[in-house]
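Read top to bottom, the protein sequences are chains S and F. Everything in the first sequence is counted per our numbering, starting at 2 for the first residue and increasing by one. Everything in the second sequence is counted per our numbering, starting at 2 for the first residue and increasing by one.
Since the hints were made in silico from the structure, they are not lab data. Heads up, some of the hints might be wrong.
Intra- or inter-copy, both count: the list cannot distinguish identical chains.
[Said to hold, decoys possible] The list that follows gives simulated cross-link-like pairs (lysine to aspartate or glutamate, DMTMM-like), each with its CA atoms no further than 20 Å apart:
{"id": "1", "residue 1": "K275", "residue 2": "D226"}
{"id": "2", "residue 1": "K262", "residue 2": "E115"}
{"id": "3", "residue 1": "K366", "residue 2": "E115"}
{"id": "4", "residue 1": "K275", "residue 2": "E251"}
{"id": "5", "residue 1": "K262", "residue 2": "E95"}
{"id": "6", "residue 1": "K265", "residue 2": "E95"}
{"id": "7", "residue 1": "K366", "residue 2": "D340"}
{"id": "8", "residue 1": "K366", "residue 2": "E328"}
{"id": "9", "residue 1": "K262", "residue 2": "E215"}
{"id": "10", "residue 1": "K275", "residue 2": "E328"}
{"id": "11", "residue 1": "K366", "residue 2": "E381"}
{"id": "12", "residue 1": "K265", "residue 2": "D340"}
{"id": "13", "residue 1": "K351", "residue 2": "D340"}
Protein chains: 2
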Amino acid sequence: MEEAPTSAALDRVLAADVLSPSDLPTFRRSTMDGFAVRAADTFGATEGLPAYLDIVDEVFMGRAPTRGLGTGQCARIATGGMLPDNADAVVMVEQTQEVGPTTIEALRAVAPGENVVQIGEDVRTMDPLLTAGQRLRPQDLGGLLALGITSVPVARRLSVGIVSGGDELVAPEREPGPGQIRDVNSYTLAALIRRDGHTPCLAGIFPDDYAALESAAQTALAANDVVILSAGSSVSARDMTAQVVDSLGEPGVLVHGVSLKPGKPTILAVCSGKPVFGLPGNPVSCMVTYDLFVAPTLARLSGATSPPRMSVTARLTRNIASATGREDYIQVRLERRPDGGLDAVPVFGKSNLIFTLIRADGMLKIPLDAGGLPAGAQVEVVLF
Amino acid sequence: MEEAPTSAALDRVLAADVLSPSDLPTFRRSTMDGFAVRAADTFGATEGLPAYLDIVDEVFMGRAPTRGLGTGQCARIATGGMLPDNADAVVMVEQTQEVGPTTIEALRAVAPGENVVQIGEDVRTMDPLLTAGQRLRPQDLGGLLALGITSVPVARRLSVGIVSGGDELVAPEREPGPGQIRDVNSYTLAALIRRDGHTPCLAGIFPDDYAALESAAQTALAANDVVILSAGSSVSARDMTAQVVDSLGEPGVLVHGVSLKPGKPTILAVCSGKPVFGLPGNPVSCMVTYDLFVAPTLARLSGATSPPRMSVTARLTRNIASATGREDYIQVRLERRPDGGLDAVPVFGKSNLIFTLIRADGMLKIPLDAGGLPAGAQVEVVLF
Numbered sequence: 002m003e004e005a006p007t008s009a010a011l012d013r014v015l016a017a018d019v020l021s022p023s024d025l026p027t028f029r030r031s032t033m034d035g036f037a038v039r040a041a042d043t044f045g046a047t048e049g050l051p052a053y054l055d056i057v058d059e060v061f062m063g064r065a066p067t068r069g070l071g072t073g074q075c076a077r078i079a080t081g082g083m084l085p086d087n088a089d090a091v092v093m094v095e096q097t098q099e100v101g102p103t104t105i106e107a108l109r110a111v112a113p114g115e116n117v118v119q120i121g122e123d124v125r126t127m128d129p130l131l132t133a134g135q136r137l138r139p140q141d142l143g144g145l146l147a148l149g150i151t152s153v154p155v156a157r158r159l160s161v162g163i164v165s166g167g168d169e170l171v172a173p174e175r176e177p178g179p180g181q182i183r184d185v186n187s188y189t190l191a192a193l194i195r196r197d198g199h200t201p202c203l204a205g206i207f208p209d210d211y212a213a214l215e216s217a218a219q220t221a222l223a224a225n226d227v228v229i230l231s232a233g234s235s236v237s238a239r240d241m242t243a244q245v246v247d248s249l250g251e252p253g254v255l256v257h258g259v260s261l262k263p264g265k266p267t268i269l270a271v272c273s274g275k276p277v278f279g280l281p282g283n284p285v286s287c288m289v290t291y292d293l294f295v296a297p298t299l300a301r302l303s304g305a306t307s308p309p310r311m312s313v314t315a316r317l318t319r320n321i322a323s324a325t326g327r328e329d330y331i332q333v334r335l336e337r338r339p340d341g342g343l344d345a346v347p348v349f350g351k352s353n354l355i356f357t358l359i360r361a362d363g364m365l366k367i368p369l370d371a372g373g374l375p376a377g378a379q380v381e382v383v384l385f
Numbered sequence: 002m003e004e005a006p007t008s009a010a011l012d013r014v015l016a017a018d019v020l021s022p023s024d025l026p027t028f029r030r031s032t033m034d035g036f037a038v039r040a041a042d043t044f045g046a047t048e049g050l051p052a053y054l055d056i057v058d059e060v061f062m063g064r065a066p067t068r069g070l071g072t073g074q075c076a077r078i079a080t081g082g083m084l085p086d087n088a089d090a091v092v093m094v095e096q097t098q099e100v101g102p103t104t105i106e107a108l109r110a111v112a113p114g115e116n117v118v119q120i121g122e123d124v125r126t127m128d129p130l131l132t133a134g135q136r137l138r139p140q141d142l143g144g145l146l147a148l149g150i151t152s153v154p155v156a157r158r159l160s161v162g163i164v165s166g167g168d169e170l171v172a173p174e175r176e177p178g179p180g181q182i183r184d185v186n187s188y189t190l191a192a193l194i195r196r197d198g199h200t201p202c203l204a205g206i207f208p209d210d211y212a213a214l215e216s217a218a219q220t221a222l223a224a225n226d227v228v229i230l231s232a233g234s235s236v237s238a239r240d241m242t243a244q245v246v247d248s249l250g251e252p253g254v255l256v257h258g259v260s261l262k263p264g265k266p267t268i269l270a271v272c273s274g275k276p277v278f279g280l281p282g283n284p285v286s287c288m289v290t291y292d293l294f295v296a297p298t299l300a301r302l303s304g305a306t307s308p309p310r311m312s313v314t315a316r317l318t319r320n321i322a323s324a325t326g327r328e329d330y331i332q333v334r335l336e337r338r339p340d341g342g343l344d345a346v347p348v349f350g351k352s353n354l355i356f357t358l359i360r361a362d363g364m365l366k367i368p369l370d371a372g373g374l375p376a377g378a379q380v381e382v383v384l385f
């Protein structure tokens, strides 16, 4: 938890409940241009039989009125102006007629409180304003500043170390040789982490070598709050990742392999009190497992209560098969139907193809106990 | 338009179409741990009558195989490994049995191409990758970097000047005197602009004085791409805003007043080739009109094709009345129903109450020609 200037706290997670330190507004304000009146003086007024009122003051914006109203008196006032003492309503200028330099006719009766915002009508002293765990939106900042709250307690941004492993990986700016590919996952992960409001720290690319990987992982664990190992794609590379993770601290690997497609070889661990993830090397698996395991962990560690991703309801356009006993995540493209609803069109592709993700707008889940989903089903699509 | 490093281009708007400079992958890759084979050598193989193959090589990750395969030969290969010449499929290790140091039994036939990603299967040279106007997502950055595209053309962030007018306004850090309120709109607008990917520039708070406001607006127009005047709330302050805007350059005010609630006194203008907005002083009106007029203008100027705000479908919980001939925007809170759908619960409140916005999750539109919306109607809620 740390304090941030409210004006710079957009999208930060609030770390404590905020109560209102005062009433808002602090004075009775007019919501119309017109005349502040004592409502009782206008009772029964009509166009045929108007109420005559003496103009005794003009209320200037940003200043207190110079005097209160006596019976039969009124004061010129603009929208946002402060009501004089004894005034309890405002007659709109359109419903008055000036019949002399200091006299108006009120052509309509107003009720007490009409065209007036009362003290504390927006918010009262000690009202709960915002709740710990919320992500601060533009209007939340506006509301805080309206009450003079110029700094707020927010969750610290987490530092997330990313260690990439794989003999086949080269940095994006290098030309890959035969059998080599560019490292994609580190940068996709870094952007996902940044989008979630945290700070990625790229440790670099390491070969499938136990000592090199272990040393990189140890350094990353010491320097960060959370560590992700983006493992090589072969079974032996993944086994090595699990061993490395297990060596980082107690209790070590908690889960190795989940009943999930894509993303089966995911490793979930806690080492010396810090979450450590071994994510699969395939780009699609890597992103799906980030969303399923890492994003909620980062949100939980920050105390965020809102889901990290938006989701929308859509209609599936075709049957999808799935094995029961396994959760499947299917990439889909969303298309707007003429009736305004959304269609979810599956984007098929092997989980080692990055462009499956790029052609998709989100993913949908086929639950563990379902053998698939029929065309026409209403599905929840989590947006990328 | 400017070039940005791809790894730092999250959420930027792409300024030109991007075509693939090369195939991805550039070599045939195995999707399994196992043995690269000539598929024809496995035809008819079963557990009872396996195909015998000689192991002549081991493909190391990140390197080219040292030799091609002859008839009856295979090479050990891991997921992501490069296929040897003449190999056209991979037998999964689980479907083989090692019967000697250099011999395996393949217990199942594989088809040509099985367990292999072909050259260009992810993307082909000159394939369209991403389209001008897209906002770059994490996986888009990953895809670009996979192809070695380390910098991308993006739309320049627009600089938006914000001039606040009103005798009643004081800065948030000051204690308001009688009749004064803190400036809320400048900071809400600044956060909205930042969320939309642009750069707000707060010019400060100016009194309802023509010369002061005009000079501030001129300075803001010279220094920014777009200017917003957040006007005082009285009619005379709004009229002064319109005069100031009109004085800034040709053609000046295009629209003064829109058939909209809240937001009626909105001013739309173009001055010397730059968009200028006069937004109402009430916080709700200010935010609604930003979303309706300013956000789409900024998106259009950047060439962004995606809508600036997400929307969801929800079911209205109660009747809402509206005048025909006017578009109404109603703030709503979203509540998840037990059936998984969303309910839209109207949050009523005067448009000069900032906390109406804070208690709401989004807004829905009642169209110009509708007299209202009935409870139970499916509505589109634009999220804040």
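Here is what the structure says about each hint:
no.	hint	result
1	K275 - D226	within (6 Å within a copy, 46 Å between copies)
2	K262 - E115	between (62 Å within a copy, 19 Å between copies)
3	K366 - E115	neither (53 Å within a copy, 27 Å between copies)
4	K275 - E251	within (10 Å within a copy, 61 Å between copies)
5	K262 - E95	between (67 Å within a copy, 19 Å between copies)
6	K265 - E95	between (70 Å within a copy, 16 Å between copies)
7	K366 - D340	between (25 Å within a copy, 17 Å between copies)
8	K366 - E328	within (7 Å within a copy, 38 Å between copies)
9	K262 - E215	neither (28 Å within a copy, 62 Å between copies)
10	K275 - E328	neither (27 Å within a copy, 52 Å between copies)
11	K366 - E381	within (8 Å within a copy, 24 Å between copies)
12	K265 - D340	neither (38 Å within a copy, 30 Å between copies)
13	K351 - D340	neither (32 Å within a copy, 33 Å between copies)
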